[in-house]
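Colleague: Sequence:
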Amino acid sequence: MRQIKNDKKLVISVVLMLFSIATYFMAKAFPGFAQWHYQYIYLAAMNMIARITSLYPFSLLELISIFLIAAVIGYFVAALVKWKRRTTTFKAICKNGLANLFLFIAVIFFLYTENCGINYYRKDFAATAGITTDNLNQSLLIDVCRHIVTQLNELESQVSLDENGNLNISRSDYQEGIQAMKKLGNVYGDLEGYYPNPKPLIFSEFMSYQFLCGMYSPFTFEATFNEDMPDFNIPFTICHELSHLRGFMKEDEANFISFLACIGSDSPEFRYSGYLLAYIYCMNDLLEYNKEAYQEIKAERCQLVIRDLEQDRMFWDNFRGKVAEISSTTNDLYLKMNSEEDGVESYNRVVELILGYYNKNVDLYK
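Note that the UniProt record's numbering has the sequence shown beginning at 1, numbered continuously upward.
Think of the hints as simulated: they come from the structure by calculation, not from any bench. Owing to the predicted nature of the structure, the values given are computational and were not obtained by experimental measurement. It cannot be assumed that every hint is accurate.
[Unchecked claim] When the alpha-carbon atoms are kept at most 27 angstroms apart in a straight line, the in silico BS3-like pairs for lysine-lysine are as follows:
| id | residue 1 | residue 2 |
| --- | --- | --- |
| 1 | LYS9 | LYS91 |
| 2 | LYS8 | LYS95 |
| 3 | LYS95 | LYS84 |
| 4 | LYS91 | LYS8 |
[As the list claims (entries may be wrong)] Listed next, with one range per pair, are the computed distances between beta-carbon atoms:
| id | residue 1 | residue 2 | range |
| --- | --- | --- | --- |
| 5 | PHE90 | ASN47 | 24 to 30 angstroms |
| 6 | PRO57 | ILE21 | 32 to 38 angstroms |
| 7 | LYS182 | LEU63 | 25 to 31 angstroms |
Every residue gets a Cβ at the ideal spot worked out from N, C-alpha and C, and that includes glycine.
Model the full assembly from the supplied sequences, consistent with the hints where possible.
Modeller: As structure tokens, then:
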């Protein structure tokens, strides 16, 4: 009987793996397939499952992870007890364990492929939004950096601060991420629709050691984020992860969508977050091309920006180490496997999209 069960598990595992591989390569080979899959399969699954998982104030991904760890430990303990009592053989334990492992891997791979992997091959957001990255130049970058600093300086007197004079985001502010994304959806139809509640992670410290700000879970359709990091990162991260839920998996596009959502928000804290992250990305690029302009614009920053960036540097310095290096290498490999050739550097390509946006809307910064 046990052998029959194991055989069934292996058959299910093989079917799931083959189906996942087939659909993944179809998305890669046929440009229209990923868009069709998003429209008719992904959205239906996300709209149904995300509404359920959103009911819980905590991350189900964290809960499931804890349960799985406990289940694996329990399985090995039970198997050891049975083997000691001679109610089963070591060979039977290995066969059953491998069958369960293969099934688990197959289910994970299937859910990842259908709820995440295929979306990497959708039509780019920039194309649907009519934004091009042609005719970008250093002069435009300088103008945009100046505009961003001006916006940040104006927002200094509008945002909430904590006792240390840094940006303060309360838990009640998290929901603004949904409103900001819905508001952006009125402009760009691809972003219309349902958004689940963004969720802070209980084990945020674990994320900090990996140098991670947030994570989209394709297994539970949750947008989760590191609640321990300096507050100015939180609004931008929330909108970034919600962008993934709308099927935009490429990191530069998720960053760009998050930037647009944040600066268009009714919340000054969200606008500040959007502009400050854009400042970091754009100024890093400017430093490479024109150090003189970089120093000139940097000198114009308000004190709040200076304090927040210093707080951010000190926070992440506490977590530098081997774990962060391994996490960065793993993330780099993962992104490259999903056709993001620049790996972790793809996050920085948001600068081109921001410049393309302002190049199209000159009146916004002139």
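Colleague: Determine for every hint whether it applies to the structure shown.
Modeller: Taking the hints in turn, this is what the structure says about them:
For the suggested pair LYS9 and LYS91, the alpha carbons sit about 17 angstroms apart, so the restraint of at most 27 angstroms is met. Pair hint LYS8 plus LYS95 holds up; C-alpha atoms about 13 angstroms apart against a cutoff of 27 angstroms. For the proposed pair LYS95 and LYS84, the alpha carbon gap of about 17 angstroms is at most 27 angstroms, so the pair holds. Of the pairs offered as hints, the one joining LYS91 and LYS8 holds, with about 18 angstroms between alpha carbons and a cut-off of 27 angstroms not exceeded.
Checked against the given bound of 24 to 30 angstroms, the beta carbons of PHE90 and ASN47, roughly 47 angstroms apart, lie outside it. Checking the proposed 32 to 38 angstroms range against PRO57 and ILE21 shows it holds: the Cβ atoms sit about 37 angstroms from each other. Between LYS182 and LEU63 the beta carbon distance is about 27 angstroms. The supplied range of 25 to 31 angstroms therefore holds.
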